[in-house]
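What follows is the residue order along each chain.
2 protein chains.
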Amino acid sequence: MRIALDAMGGDHAPRETIRGAQAGLKHLSDGDQLVLFGPEDVVRGQCSEIGLDDPRIEIVHCSEVIDMHDSPVEALRQKRDSTIARLAQQAGKGEVDAIISAGNTGAFVAACQLRLRPIKGVSRPGIAVVLPSFHGPVVVCDVGANVTPKSHHLHEYARMAALYSQYILHVEKPRVGLVSIGEEDAKGNTLVKEARQMIKGDPAVEFVGNMEGRDIFAGNADVYICDGFVGNVVLKLTEGLAEGLFRTIISEIKAENEDLAEAFAPIVDRIWKKHDFAEYGGAPLLGVNTIAIICHGRSDARAISNAIRVAEEYDHANLNQVIAQRLALHQDEKESA
Amino acid sequence: MRIALDAMGGDHAPRETIRGAQAGLKHLSDGDQLVLFGPEDVVRGQCSEIGLDDPRIEIVHCSEVIDMHDSPVEALRQKRDSTIARLAQQAGKGEVDAIISAGNTGAFVAACQLRLRPIKGVSRPGIAVVLPSFHGPVVVCDVGANVTPKSHHLHEYARMAALYSQYILHVEKPRVGLVSIGEEDAKGNTLVKEARQMIKGDPAVEFVGNMEGRDIFAGNADVYICDGFVGNVVLKLTEGLAEGLFRTIISEIKAENEDLAEAFAPIVDRIWKKHDFAEYGGAPLLGVNTIAIICHGRSDARAISNAIRVAEEYDHANLNQVIAQRLALHQDEKESA
Numbered sequence: 001m002r003i004a005l006d007a008m009g010g011d012h013a014p015r016e017t018i019r020g021a022q023a024g025l026k027h028l029s030d031g032d033q034l035v036l037f038g039p040e041d042v043v044r045g046q047c048s049e050i051g052l053d054d055p056r057i058e059i060v061h062c063s064e065v066i067d068m069h070d071s072p073v074e075a076l077r078q079k080r081d082s083t084i085a086r087l088a089q090q091a092g093k094g095e096v097d098a099i100i101s102a103g104n105t106g107a108f109v110a111a112c113q114l115r116l117r118p119i120k121g122v123s124r125p126g127i128a129v130v131l132p133s134f135h136g137p138v139v140v141c142d143v144g145a146n147v148t149p150k151s152h153h154l155h156e157y158a159r160m161a162a163l164y165s166q167y168i169l170h171v172e173k174p175r176v177g178l179v180s181i182g183e184e185d186a187k188g189n190t191l192v193k194e195a196r197q198m199i200k201g202d203p204a205v206e207f208v209g210n211m212e213g214r215d216i217f218a219g220n221a222d223v224y225i226c227d228g229f230v231g232n233v234v235l236k237l238t239e240g241l242a243e244g245l246f247r248t249i250i251s252e253i254k255a256e257n258e259d260l261a262e263a264f265a266p267i268v269d270r271i272w273k274k275h276d277f278a279e280y281g282g283a284p285l286l287g288v289n290t291i292a293i294i295c296h297g298r299s300d301a302r303a304i305s306n307a308i309r310v311a312e313e314y315d316h317a318n319l320n321q322v323i324a325q326r327l328a329l330h331q332d333e334k335e336s337a
Numbered sequence: 001m002r003i004a005l006d007a008m009g010g011d012h013a014p015r016e017t018i019r020g021a022q023a024g025l026k027h028l029s030d031g032d033q034l035v036l037f038g039p040e041d042v043v044r045g046q047c048s049e050i051g052l053d054d055p056r057i058e059i060v061h062c063s064e065v066i067d068m069h070d071s072p073v074e075a076l077r078q079k080r081d082s083t084i085a086r087l088a089q090q091a092g093k094g095e096v097d098a099i100i101s102a103g104n105t106g107a108f109v110a111a112c113q114l115r116l117r118p119i120k121g122v123s124r125p126g127i128a129v130v131l132p133s134f135h136g137p138v139v140v141c142d143v144g145a146n147v148t149p150k151s152h153h154l155h156e157y158a159r160m161a162a163l164y165s166q167y168i169l170h171v172e173k174p175r176v177g178l179v180s181i182g183e184e185d186a187k188g189n190t191l192v193k194e195a196r197q198m199i200k201g202d203p204a205v206e207f208v209g210n211m212e213g214r215d216i217f218a219g220n221a222d223v224y225i226c227d228g229f230v231g232n233v234v235l236k237l238t239e240g241l242a243e244g245l246f247r248t249i250i251s252e253i254k255a256e257n258e259d260l261a262e263a264f265a266p267i268v269d270r271i272w273k274k275h276d277f278a279e280y281g282g283a284p285l286l287g288v289n290t291i292a293i294i295c296h297g298r299s300d301a302r303a304i305s306n307a308i309r310v311a312e313e314y315d316h317a318n319l320n321q322v323i324a325q326r327l328a329l330h331q332d333e334k335e336s337a
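Going line by line, the protein sequences match chains A and B.
For the first sequence, position 62 (counting from the first letter as 1) is numbered 62 according to my numbering, and the numbering increases by one without interruption.
For the second sequence, position 16 (counting from the first letter as 1) is numbered 16 according to my numbering, and the numbering increases by one without interruption.
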């Protein structure tokens, strides 16, 4: 397979993206290519700086970069030779099998929606993120691709995200929950109530009911479905709160006793590593007809390397084909209903 | 003033509510009464068990209790002599000035909406909760009273919650943020975009822009406005994640070194206390024509006592009158527009 990587995407690009590419080579099979998108001189310079010289590496020259703060749609219109625009374009033409970027998420999603067909049976793609809960990784979908979804979009997310959990995180029978504000059928807004009926009635989904905010980290489901607005707030609140809590704990320990702080440091490190988003290699945009992996803006080389691993696993599992089959089943039901 | 307390509300009632009443007496002014609602024999029994015998305590007999798992509307219809139904009824008649319950939140809100007039100028009441951020307490409104608000409801919440922050938390000029998924005007759903224009254009509100999930604990605003669905997820995710993180850290430390765990215990206690919801005495239902305080289901005596303190402060600040004046200003603007 050919995996395309946005060499210029993210806060630590191109240094960490290229180092991530180097580290990610170990995940490639024979005959695979890793294609770096970016200004050729910059990419070559970084490669030679870290001694990255491998026949599986290719470079596709792009003269522009979409900034983190650029308006997605505007930027795509104006920067036609940007790494993100070119990634989606090449994926649309089938010239690459997977695209990975830690750059402007909005632009990446918009480019995918513009240049790529959806998988048959999918109305709107959704971003599935893996959160490291205390009971193992859980999938939350959508976290921002679709802020005003219809209920059947949530139903599609339930099916797709469950397959992602099963095929990539190897959860045998993923339990799917719907994020709401109470357990009962009557709780929630109209969107959630409608989606609940659809998902509940779907024999292809192991639905375990409505889930409240506090369930997400309590191990009560493996997959949490919500609209992109709620999911985005969940994702960012989780990051902010976890970081803030660790900082608070460390500063309280230091205030108490410097020696204790030293003894505590490796434990904090271990907990961080166990619950590190970088471990899960980015968030797939489920439902588009390629393997599209969105990495965190703060991705380091390890996160990029893991995203390459996930792209390989996604490809080996033939996940998009599995999704198409599962969604076709869905389509048949709708048509026979 | 007469403060009415649901003696039967919450996971630890009536023991902790009555103990909370006892502790809360210290917040009462001369001539105030604290009225306990519940089955008279149960309430009297608890009072005598802890030696609570004070002329400021009264009892209002109610024969029924709405359970945590009862459907709010159903329960209110069937249990007309329940503590929650009677609290709202008496507040509606002006027989008490404040009502406090740690019981079924949905039933409490529904009872208030049924039995109490809104403050003039308020279309829908909203629950304002105080979250202990790392930079001091912040207010989030709404957290569940109104799951499908209109944009002008969010505007009203912005005004009311800012006044709550100012008058009760003593933040001099509360910075108000709108929970969204990006800073820009164009980010968010229709509700947020519309509300943003209203709040931004309101000289009575110190609007500091859209806030993402990660801003909530980062000290970037003092008041966060959102719909009741999002707010409820934020509140419960925060509780679940914070508790889970502490549990994880403690178990990791124990696995490493039992002595270290012992040294760490008082630090955890201190952080917990600093960031304890019980400190802030419950969440007011802003916009109804009484002082209505919703306590956490897990409230202990300290939380109940703090709720009594907040009811007193709320009354002294004449907050509902301040809200009415501020909202009347709003009304005038709308009419002259």
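Where hints are given, some of them may not hold.
Copies of one chain are not kept apart here, so a pair can be met inside one copy or by any two copies together.
Stated by the list, open to error - Keeping only pairs whose Cα atoms sit at most 27 Å apart, straight-line, the calculated DSS-like set for lysine-lysine is:
| no. | residue 1 | residue 2 |
| --- | --- | --- |
| 1 | K26 | K193 |
| 2 | K150 | K273 |
| 3 | K254 | K26 |
| 4 | K120 | K173 |
| 5 | K26 | K236 |
| 6 | K120 | K273 |
| 7 | K79 | K187 |
| 8 | K254 | K200 |
| 9 | K187 | K274 |
| 10 | K273 | K187 |
| 11 | K173 | K200 |
| 12 | K26 | K200 |
| 13 | K93 | K236 |
| 14 | K93 | K200 |
| 15 | K273 | K200 |
| 16 | K273 | K193 |
| 17 | K193 | K93 |
Don't read these hints as lab results, they were simulated from the structure.
Hint check, failures only: Violated: hints 1, 2, 3, 5, 6, 8, 9, 10, 12, 13, 14, 15, 16 and 17.
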